[in-house]
Amino acid sequence: MWKNEDLIHLVTTPMPFGKYQGRVLIDLPEAYLLWMQQRGWPNGTLGQWLALALEIKINGLESLLEPLRQHKPIHRTHTSGEYH
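If you read the sequence shown in full-length UniProt numbering, its first letter stands for residue 1, the second for the next number, and so on.
Treat the hints with care, since some could be wrong.
[Said to hold, decoys possible] Cβ pair distances, simulated, as ranges:
id, residue 1, residue 2, range
1, TYR20, LEU61, 13 to 23 Å
2, LEU65, GLN37, 28 to 38 Å
3, ARG69, LYS3, 11 to 21 Å
4, TRP35, PRO14, 14 to 24 Å
5, PRO67, GLY40, 16 to 26 Å
6, GLN70, GLN38, 26 to 36 Å
7, LEU34, PRO14, 17 to 27 Å
[Stated by the list, open to error] Once the Cα atoms are required to be at most 16 Å apart in a straight line, the calculated EDC-like pairs of lysine to aspartate or glutamate come out as:
id, residue 1, residue 2
8, LYS57, GLU30
9, LYS19, GLU62
10, LYS3, GLU55
11, LYS57, ASP6
12, LYS19, GLU30
Simulated from the structure, these hints should not be mistaken for laboratory data.
Note that the structure is predicted; figures quoted are calculated from it, not measured.
We treat Cβ as the ideally placed atom computed from N, Cα and C, and that holds for glycine.
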């Protein structure tokens with residue numbers, strides 16, 4: 001089950017690696033998310049957030065996240081592939 005905080009993470013968390021490193025998760029291209037899905041999502045919450053981003057994009061719901069973009073980035077530590 002998704003939490004409200006997960007939606008905030010989508011608009012504030014930058015992609016930590018790869019071709020789109022630094023880009024906010026919800027701004028990743030749908031084609032890239034589909035590619036990642038085919039190869040397997042990363043472990044942990046990052047993979048869950050990427051899967052959620054893809055579902056939102058597939059269903060054309062990105063505009064619902066626009067009001068959340070006002071949130072400041074959530075600071076977290078990145079250890080062993082997990083986001084906390």
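Do the hints match the structure? See the list:
1. Between TYR20 and LEU61 the Cβ separation comes to about 20 Å, which falls inside the hinted range of 13 to 23 Å.
2. Evaluation of the 28 to 38 Å hint for LEU65 and GLN37 yields a failure: the beta carbon distance comes to about 19 Å.
3. Distance hint for ARG69 and LYS3: a CB-CB separation of about 18 Å, consistent with the stated range 11 to 21 Å.
4. Distance hint for TRP35 and PRO14: a CB-CB separation of about 18 Å, consistent with the stated range 14 to 24 Å.
5. The hinted range of 16 to 26 Å is not satisfied by PRO67 and GLY40, whose Cβ atoms lie roughly 32 Å apart.
6. Taken as a hint, the range 26 to 36 Å holds for the pair GLN70 and GLN38, whose Cβ atoms sit roughly 33 Å apart.
7. Checked against the given bound of 17 to 27 Å, the beta carbons of LEU34 and PRO14, roughly 20 Å apart, stay inside it.
8. Distance hint between LYS57 and GLU30 is fulfilled; the C-alpha atoms sit about 7 Å from each other, no more than 16 Å.
9. A distance of roughly 21 Å separates the Cα atoms of LYS19 and GLU62; the hinted pair therefore is violated under the 16 Å criterion.
10. Annotation: proposed proximity of LYS3 to GLU55 holds, straight-line Cα distance about 15 Å (limit 16 Å).
11. In summary, the hint linking LYS57 to ASP6 is supported, as the alpha carbons are separated by about 15 Å, within the 16 Å threshold.
12. Restraint check for LYS19 and GLU30: satisfied, since their Cα atoms lie roughly 14 Å apart, inside the 16 Å limit.
Hint compliance for this structure: hints 2, 5 and 9 are broken, all remaining hints hold.
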